[in-house]
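Chain by chain, the residues run as shown.
Protein chains: 2
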Amino acid sequence: MTRSSDVVVVGAGVIGLAVAWRATQRGMSVVVVDPRPGTGASSAAAGMLAPVTELHYAERALLDLTLDSAVRYPDFVDELQAVTGHDVGYRQCGTISVGWMGSDLAALRDVADFQRSLGLTVEALSAAELRRLEPMLAPGLPGGVLVSGDHQVEPPALVAALLAAATAGGVQLVDQPVAALRLDGDSVHGVELADGAVIAAGQTVLACGAWSATFTLPGERVLAVRPVKGQTLHLNGDPGALSHVIRGEVRGVPVYLVPRADGRVVVGASSEEAGFDVRPRAGAVHDLLRDAQALLPSVAEMELVAVRTGLRPGTPDNAPLLGSIGVDGLVIATGHHRNGVLLAPVTADGVAELLESGTPPPSWKPFDPLRFDEVPSRGEPAWS
Amino acid sequence: MTRSSDVVVVGAGVIGLAVAWRATQRGMSVVVVDPRPGTGASSAAAGMLAPVTELHYAERALLDLTLDSAVRYPDFVDELQAVTGHDVGYRQCGTISVGWMGSDLAALRDVADFQRSLGLTVEALSAAELRRLEPMLAPGLPGGVLVSGDHQVEPPALVAALLAAATAGGVQLVDQPVAALRLDGDSVHGVELADGAVIAAGQTVLACGAWSATFTLPGERVLAVRPVKGQTLHLNGDPGALSHVIRGEVRGVPVYLVPRADGRVVVGASSEEAGFDVRPRAGAVHDLLRDAQALLPSVAEMELVAVRTGLRPGTPDNAPLLGSIGVDGLVIATGHHRNGVLLAPVTADGVAELLESGTPPPSWKPFDPLRFDEVPSRGEPAWS
Numbered sequence: 001m002t003r004s005s006d007v008v009v010v011g012a013g014v015i016g017l018a019v020a021w022r023a024t025q026r027g028m029s030v031v032v033v034d035p036r037p038g039t040g041a042s043s044a045a046a047g048m049l050a051p052v053t054e055l056h057y058a059e060r061a062l063l064d065l066t067l068d069s070a071v072r073y074p075d076f077v078d079e080l081q082a083v084t085g086h087d088v089g090y091r092q093c094g095t096i097s098v099g100w101m102g103s104d105l106a107a108l109r110d111v112a113d114f115q116r117s118l119g120l121t122v123e124a125l126s127a128a129e130l131r132r133l134e135p136m137l138a139p140g141l142p143g144g145v146l147v148s149g150d151h152q153v154e155p156p157a158l159v160a161a162l163l164a165a166a167t168a169g170g171v172q173l174v175d176q177p178v179a180a181l182r183l184d185g186d187s188v189h190g191v192e193l194a195d196g197a198v199i200a201a202g203q204t205v206l207a208c209g210a211w212s213a214t215f216t217l218p219g220e221r222v223l224a225v226r227p228v229k230g231q232t233l234h235l236n237g238d239p240g241a242l243s244h245v246i247r248g249e250v251r252g253v254p255v256y257l258v259p260r261a262d263g264r265v266v267v268g269a270s271s272e273e274a275g276f277d278v279r280p281r282a283g284a285v286h287d288l289l290r291d292a293q294a295l296l297p298s299v300a301e302m303e304l305v306a307v308r309t310g311l312r313p314g315t316p317d318n319a320p321l322l323g324s325i326g327v328d329g330l331v332i333a334t335g336h337h338r339n340g341v342l343l344a345p346v347t348a349d350g351v352a353e354l355l356e357s358g359t360p361p362p363s364w365k366p367f368d369p370l371r372f373d374e375v376p377s378r379g380e381p382a383w384s
Numbered sequence: 001m002t003r004s005s006d007v008v009v010v011g012a013g014v015i016g017l018a019v020a021w022r023a024t025q026r027g028m029s030v031v032v033v034d035p036r037p038g039t040g041a042s043s044a045a046a047g048m049l050a051p052v053t054e055l056h057y058a059e060r061a062l063l064d065l066t067l068d069s070a071v072r073y074p075d076f077v078d079e080l081q082a083v084t085g086h087d088v089g090y091r092q093c094g095t096i097s098v099g100w101m102g103s104d105l106a107a108l109r110d111v112a113d114f115q116r117s118l119g120l121t122v123e124a125l126s127a128a129e130l131r132r133l134e135p136m137l138a139p140g141l142p143g144g145v146l147v148s149g150d151h152q153v154e155p156p157a158l159v160a161a162l163l164a165a166a167t168a169g170g171v172q173l174v175d176q177p178v179a180a181l182r183l184d185g186d187s188v189h190g191v192e193l194a195d196g197a198v199i200a201a202g203q204t205v206l207a208c209g210a211w212s213a214t215f216t217l218p219g220e221r222v223l224a225v226r227p228v229k230g231q232t233l234h235l236n237g238d239p240g241a242l243s244h245v246i247r248g249e250v251r252g253v254p255v256y257l258v259p260r261a262d263g264r265v266v267v268g269a270s271s272e273e274a275g276f277d278v279r280p281r282a283g284a285v286h287d288l289l290r291d292a293q294a295l296l297p298s299v300a301e302m303e304l305v306a307v308r309t310g311l312r313p314g315t316p317d318n319a320p321l322l323g324s325i326g327v328d329g330l331v332i333a334t335g336h337h338r339n340g341v342l343l344a345p346v347t348a349d350g351v352a353e354l355l356e357s358g359t360p361p362p363s364w365k366p367f368d369p370l371r372f373d374e375v376p377s378r379g380e381p382a383w384s
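If you read the sequences in order, they're chains A and B. So for the first sequence, the numbering used here puts the first residue at 1; every next one is plus one. So for the second sequence, the numbering used here puts the first residue at 1; every next one is plus one.
Certain hints may be false.
If you want the ones that stay clear, here's a sample from chain A, every Cβ over 12 angstroms from chain B, calculated [unchecked claim]: (1) Gly38; (2) Asp113; (3) Val174; (4) Ala224; (5) Gly252; (6) Ala261; (7) Leu370.
Covered, in the sense of this in silico footprint (three residues per stretch, anywhere, with C-beta under 8 angstroms from a C-beta of chain A), are these stretches of chain B [what the hints assert, rightly or not]: (8) 201–209; (9) 269–281.
To be clear, the hints were calculated from the coordinates, so they are not data collected in a lab. Quick reminder that beta carbons are idealized off the backbone N, C-alpha and C, glycines included.
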């Protein structure tokens with residue numbers, strides 16, 4: 001069986017669905033292929049939209065991209081909610097980063113200084129200010145850092161809304177695994193499914209996160225993306241226990257708590273290199289509960305509703321792979337690592353522009369999917 | 001709608017189902033009523049059959065009953081497996097009790113001395129012997145105590161086999177809640193269901209664990225049974241990590257690990273007074289993982305498959321409520337607390353005998369369901 005469309009998108013996570021929705025809005029016919037839509041990294045994500053708080057040293061280019069996407073978020077959500085009638089839980093909540101002990105706080109303050117040096121708005125909190133803003137936090141925390149502009153969204157609700165918007169816009173969803181890209185010399189013409197069916201398409205968008213490196217591209221190339229296992233705990237408590245997203249460093253290990261308006265709390269996230277293993281690991285659950293309780297003792301009394309595991313698409317520099325690789329008919333939109341939910345609007349807008357005009361946004365230069373080709377592999381020491 | 005039978009059993013856990021099976025074997029017609037068969041305390045139980053290891057001070061009468069039931073277990077399982085073709089996972093594995101630090105071990109050795117004084121076979125293990133028997137345990141454990149005769153069974157498999165045996169024997173299962181006992185003066189004549197239907201029966205067996213106290217008995221009596229919430233963690237690891245059931249005291253808090261032959265491990269159990277709340281509590285999950293890891297570090301690498309919560313039917317002296325209470329047509333078989341799986345054979349045999357002959361086994365004297373009637377309630381201080 002063969003069907004054909006202007007565009008086929010491989011992957012129905014937040015990135016693939018947002019791309020598909022935006023492409024239909026520009027008049028393209030779109031098929032999205034995914035054996036289990038919305039069940040990958042998107043389903044385990046906590047939904048923090050925190051470009052400033054997420055910033056790490058030497059990630060300046062990524063900061064610009066995340067800030068750009070954060071600016072697009074209000075309109076993106078308004079439009080999505082208007083089209084679908086869904087509520088995706090978008091709200092401003094601010095982020096407070098807290099240190100569990102003095103050395104944790106010192107490290108947070110150092111990052112805050114770096115953030116301020118870039119012109120970002122970051123506010124130091126004393127122990128007393130911290131206690132006033134979040135009285136349920138553990139007594140004795142030495143202080144923190146406030147970024148009041150941060151937002152959150154609920155990823156499962158976002159995925160559901162994107163699915164609804166995409167299908168309402170005419171996107172066809174095919175819940176089959178993709179076996180291979182249809183290569184013809186140095187160009188791509190759609191995909192071949194596991195059941196032998198073919199989806200012919202003028203342009204193919206690879207947006208299947210950690211699985212993007214399982215496809216061989218023309219020239220035997222493989223994308224520099226790897227699965228980084230992350231686990232989140234989904235708890236149910238009393239509404240009002242927390243007013244802000246809390247990000248902590250507990251003896252050097254990061255943990256966060258994202259409160260929903262109705263008392264649910266998402267705790268995350270482990271970070272493990274474990275290939276494609278998505279089984280919940282008991283030790284990660286323990287460590288998350290231990291560190292979350294250290295910051296918010298009432299976690300102990302909350303209901304543990306679920307443990308979710310996702311595979312972040314990690315890259316060598318933690319920034320995404322966006323744009324073309326010199327292969328006709330192929331667009332890359334993967335490697336979003338910890339930032340897929342936040343980067344969905346800017347990615348979808350840029351890919352739609354690229355699909356229509358053939359040219360990516362100029363700001364995507366730092367995210368060239370082939371930028372790692374010159375990096376020696378780990379098996380080849382640089383001094384040899 | 002009215003149906004009638006010789007016996008109606010309220011509760012389809014291991015106790016109710018074993019009673020029903022044994023009663024049909026004596027030629028009685030039996031109906032079992034339970035809105036969700038096999039999902040109560042039986043479903044969360046780990047299935048340790050450990051009369052010696054479970055023994056606590058001043059529970060001599062209970063010890064005799066548990067030893068009696070342990071002796072009946074091999075035939076009970078053989079017969080059940082022969083009738084149904086099910087494998088219930090019955091096997092000898094022995095129990096090793098380990099102390100996490102010296103004071104924990106001292107407490108275990110004191111209990112062992114008490115057990116030995118009763119003529120039970122209990123063996124002290126040095127740190128080196130412990131390490132030889134269970135090399136995966138944490139380094140540095142000070143020693144332990146071995147009871148090599150202990151067995152285990154898999155409660156979900158046991159429940160499934162009992163269901164199969166009971167229905168094969170002609171037991172009818174009604175998956176409705178019971179609204180009330182049908183009282184007539186000082187006698188009971190079956191039950192009334194939530195949907196208004198009636199099951200008339202010459203004899204009614206109350207075997208619904210923690211829920212047994214929700215029924216009012218003739219004379220406005222209520223049984224002295226209360227829910228004691230327990231949580232177990234169901235893990236998946238490599239086969240062979242443990243050869244024995246491990247019971248530990250970690251800084252005074254008990255924890256156990258029950259290894260199945262295929263690498264699964266059940267970790268238990270919290271003990272909480274929380275009414276009929278069966279939501280998994282994050283703090284209990286944390287504490288179980290912490291203490292299980294302290295004894296067996298490789299727990300951290302196991303998959304967390306499920307958290308199960310059950311309500312043990314607790315009684316003031318931790319022993320069950322068995323037999324008659326001077327009410328025609330009513331038999332009590334509840335309050336088995338931590339020992340329901342172990343006590344199923346002796347309870348079922350005794351209840352079947354009582355239903356047939358009108359006389360309970362003489363050894364049940366200490367388990368008179370009304371033995372607490374003289375105890376002042378907690379609201380009435382003894383010195384007033």
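Now for the hints, and whether the structure bears them out:
1. Distance to chain B confirms A/Gly38 as a non-interface residue, since its nearest Cβ pair spans about 23 angstroms, more than 12 angstroms.
2. No Cβ of chain B comes within 12 angstroms of the Cβ of A/Asp113; the nearest lies about 34 angstroms off, and the non-interface call holds.
3. The Cβ of A/Val174 lies farther than 12 angstroms from every Cβ of chain B, with a closest approach of about 31 angstroms, so its non-interface assignment holds.
4. The claim that A/Ala224 is not at the interface with chain B holds, since no C-beta of that chain comes within 12 angstroms of its own (minimum 28 angstroms).
5. Chain B leaves A/Gly252 outside its interface by the beta-carbon criterion, the shortest separation being 18 angstroms against a cut-off of 12 angstroms.
6. Separation of A/Ala261 from chain B is adequate, the least Cβ-Cβ distance of about 20 angstroms exceeding the 12 angstroms criterion.
7. No beta-carbon of chain B is positioned within 12 angstroms of the beta-carbon of A/Leu370; the least distance is around 36 angstroms.
8. Look at the stretch 201–209 of chain B against chain A: 0 of its residues bring a Cβ nearer than 8 angstroms to a Cβ of that chain, fewer than three, so the hint is violated.
9. Under a criterion of three residues with beta carbons nearer than 8 angstroms to beta carbons of chain A, the stated coverage of the stretch 269–281 of chain B is upheld, 3 such residues being counted.
Of the hints listed earlier, the one the structure fails to meet is number 8.
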